[in-house]
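*Asks:* In order, the protein sequences belong to chains A and B. Quick note: the first sequence, position 92, residue 92 per the working numbering, numbers continuous. Quick note: the second sequence, position 217, residue 217 per the working numbering, numbers continuous.
Some clues are possibly wrong.
Covered stretches of chain B, going by a simulated chain A footprint (3 or more residues, C-beta under 8 Å) [as the list claims (entries may be wrong)]:
#1 75 to 87
#2 314 to 325
#3 341 to 349
#4 693 to 700
The calculated lysine to any residue pairs, modelled on SDA-like cross-linking and capped at a C-alpha distance of 25 Å, are [as the list claims (entries may be wrong)]:
#5 B:Lys424 / A:Pro460
#6 A:Lys384 / A:Ala284
#7 B:Lys252 / A:Arg392
In short, the hints are calculated from the structure, not lab data. Where a beta carbon is used, it is the ideal one built from N, C-alpha and C, also for glycine.
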Amino acid sequence: MALLASLTAFASAQEAVDFRTPDGSRCVLVVDRALLQVQWAVATWADPADDPPGLAGLAFATVVSSMHGTWRTGSLDAAREQDALAALDRALARPAATSTAADQAALRDAQRDAEALADLRMFPRVLAAAPAWRPEVRNHGAVATFALATVPEAIAEVARLLVERREQQPLRRLPEAWRDHEACLAATRTNDSSGAVRAEVLELTMPGHPLATWLGTPTVASPRRDQALAAWAATQRPERTVHVLLGNFDAAAVRDALAAAFTTTALPPAPPPSRPPVRPLANARRSTIAGAATPAAALAWALPAGVDRDQLAVAVRWLAGGPDSVLGQELQRAGRAAAVVRCTAPWPPSPDGQGLLLIECNDRTGSVGLADLLLRACGQAAGKPPDEQVLRAVTTTMQHEARARAPDDRDKACELAARILQWPTAPIATDDPGNVDARAVQTLLQRVFAGHPAVVEATP
Amino acid sequence: MSSSRGFVSFAAVVVAACSGAPPVTPTPAPPATTPPVAPPPDAQPPIARATTTPPLQIVQLDNGVTAAIQETSQTHTATLQLGLLAGATFLAPGASELAAQVLVDGSDPSEGRPPLAQAIAQLGGTLRIEPGLKMTWIDVRVPRARWQQAATAMRDALAMPTRSRNQIERVRDDFVERRTAAIRGTPLATMARLLLLGETSGSGHLLGLLDRDPGEIGLLQSNLYRPDRVVFAIEVADAPAEVRQALARGGKVALGGWQPPAPLPGAVPVLERPFAPGLWWSPADGAGVSIDRCRVALMIGLPTFQHPEPAAALLLHSCFSLEGVGGRLEQVQQDRGLAHVRWQSDVVTAGEATAMLLTTEIAANEVANLWRAVELARASLTDVPPNASEFALALRRVPLQAAFGAQGDGARLRQATLLALGGKDLAAIERRAAEIARMPATGIAVPATAFLELPFAMIVVGGQVPADLPQARRFALTPVGGEVPVTTTPNEQAPAGASPWLVLAIDAIGAADDVRRLAGWTYAATIGSESTPTMAETTNWHRNGTLRRTRSLLGQAIETSLVEQVWTELLGTATRTLDAREAQLLRREQQRHPLALLAAHARGELQFRTIARREVGDRSVAVLEAAGDRFDRLRIHVDTGSNLVRAVESWETLADGTVMHVSEAWSDYRTVRGLRVPFHRLTTQDDGQNRVETVFTRWDPVLER
């Protein structure tokens, strides 16, 4: 009996400890006794809703920039460096098209002055001495994670450094971080021909959504420092961040240490993110856009409130997760062998699934009748519960993909932190997506499809 | 199942297998420098670790498999691992990796066994191969509830390996394609990993893989994938007793009941593959690699558990680089005007070996200076031993660094298993580091060799090697001349028969139309070898398979006839019927004549893919391999000067199942009716002992209209 008790205690050791520190940071501690390091991931929002208008990607660029230290750690003369960065900001603000040779020289001088007053290695060096290992920033789409590895003994010290990074952020080398991120976004934009269709879906369903602007027009502006600092403050406010610590540690002691470190913030209160609310459409809406590279159709429904994360994930996969899915097979039966269908939900990214269920289908042979075919197929799909065996196969595939996405401990911590940020009220699950009841999937889809869809057709 | 005593021999082999790397000669010492030290952290109460995991249990199964069982608190994932004492040092370059790939991607349709990788994916799991110098590891992660199914699939893959040549060749081609992409996509990390495996270039590695014959893969698997050379490790939140029971001979998994058939005849040699330290440079070749900028990696080995003083080595590791943001390296960089060089840190693993990888990008003309900075920083550890401040900083990082090689479930279980088999304890390293920490500053004396003997290399991609850096060793990422292997399967983008060498080879022997029309030939020849008397031969051959051959030896004539399905041999008045295998061998001899191969290609019947371009003495040859199932395996060597086919290599499966390697060297090309035809053939079989010379006295083509 004693053996059984100890085994039970041991097996349950991976339950998450979820709490908020005095400054409002959400912390999730996951004890895994096999781990030799502590993986620490800090997730923050970084999608267009958190960026100033026309500056999509700025929040992410600020997280990258934050790797270069703080006013306290890395500045050789904080007061003079502030002036130098302000001067650099002014020099960068001059339009390139009208800049003179003198302007260019002034810009180079400003860059040189700013660089001379900072030691970009200092903060990484102090982190390394803490000790922490391989600090890095990851992009999860709408979420950025700042991740590092450390040891239990250094958690309090690393926490202190993370507070310092949050509160005393000069955003060094922001122009470089912005330029690099913009280059990545531009490549995505170039390769993603569905951008115009998605922008139109947003116009029909969530007019004014900042993502629609970004999808429609490339960014041409460069951020000012005050805009970047505002984006930093808004996205790094403690109540909007999630810390995940995964490792072998005394959870109670770590909780105390984090509570002692994350006490208060001087970041200004952030305005609510500019995400238009998702409301069920009062009637069906349709739009056609011409000039598309590939004929396509997109259908979108508002997701009901309180949608279950796992049920939604399984439903999306079952409905339109490739050629073997319900819609994939229906397209084959209809003779549309070239059609490629996919489903995304929630979209655009938003907390707790407050978005749309978006179905997109490309068919190079033409889009005539495609949207109606999909609408009919969706209605039929919700007409009866999915086959249990098929649903289990879907779940197994998702389990495989979840493991493939997170082969090492840091991946697990980052994935978990990003998931908790995006689903703040959902139960914290450190394990696999489990089997979902077929009737629950049917009920969910019935609720979704009960609403009116927005339909966008794209023609060449 | 027996006690842990039984695995002592295997453990000893494993421990020996995982010993350290050869020493690296340090360069002369630089002037003393003042090492930078990060500010000490504020005092804070230490946070303890949770209770440790239960100890890993090691048992030997009935058939000799060593099982390492780790109970875990992770409730949803089970990690399973096959450690095969069949690493990169066995048989031939690339053989071990390819054999492991065949193990996971090969199937046995006759037994209904799917590929192991597919079976694991269908269980919701993932599979990864971790090749090592001595051992090759297969890591599997599955939902906890399905670990027994996964283990059963692993056992079945061991018990029913594929022997299909076509399958093995397909696996090899896919693997080479993926590896080529990896080398091109992440050249620094891939090259670092290859160095840890004893390779010295991406090109050599790829050619090694392509040189492997399916017969070699079968030989390696048959001889080395045996119970007494396998460790099966598992980490699962189940009671170890239950796991042991499932693994036992009569259990649900019954890994202990796996008994492979007797090994195939043939030796599996052990290769010398020492780690090659130093500066490795792959210059820009004009194929998208910059000549002005270079990507650079410092690969700094971490101590294995067999290292005599791992704590000291880890301490000095930090003193040297501190992840590229401190330590001696940064100081010397500053002194030499390289303060702008900023490193990104990562870890590379190769089975039992782990190394830190620092990467950066710099101007090509800065590489020599950086290399000297690196040498000076390393040597400074000998000249000016780290001071107390440096040690204090390094000590804090020891537990972190000791876990660099254990970043995921598979790596962690591997480390735990190797430690257990070696009778080592990770905590002992930390205790030793703490002992060093307690020494007075004046008393700290850690020999720099503890660090300098670890594997170390600087890898450069891009730019050009400067003249004043003679120690730089050049390497090619992929085979020279862009002769990168292409897929066997023709597709729209890359038709398999697109090699320019075949166009040139056909052009060299005659008009393409004549080559296409070649339907057969008649010839007369003398055939002799050192051990047999010379015989005369006359042959009529048609590409529809009709063969009429007469051989005269010591006054007797042997007449062989293959006409459709009637295959006979007449000696005097005695007629013998040939079996299908014998008939096939006779036809193959004609079908692999250089002109027959080129004619088949010209007609679109036979495709080739380029394997490599090789320098053989003063002659350069392009090696091409026939695709499809027309031959077991066949390669031609096209002389890049004359464009003539100089050699044909083939592998023939004999009636008893053994594979015979035949190499035919063709020479003495003469022009006959507009075609250039070789009049001399030297045939060498397998071991080179059996050499047969054929001298053609007459050779007339038969051309179709």
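*Asks:* Take the hints in turn and mark each one as holding or not.
*Replies:* Here's how the hints hold up against the structure:
1. 75 to 87: Answer holds; 3 residues pass the 8 Å Cβ test.
2. 314 to 325: holds (count 3)
3. 341 to 349: holds (count 3)
4. 693 to 700: Since three or more residues must qualify, the claim that chain A covers the stretch 693 to 700 of chain B is violated, with 0 doing so at under 8 Å.
5. B:Lys424 / A:Pro460: 67 Å, violated
6. A:Lys384 / A:Ala284: 24 Å, holds
7. B:Lys252 / A:Arg392: Roughly 23 Å separates the two Cα atoms, so the pair holds.
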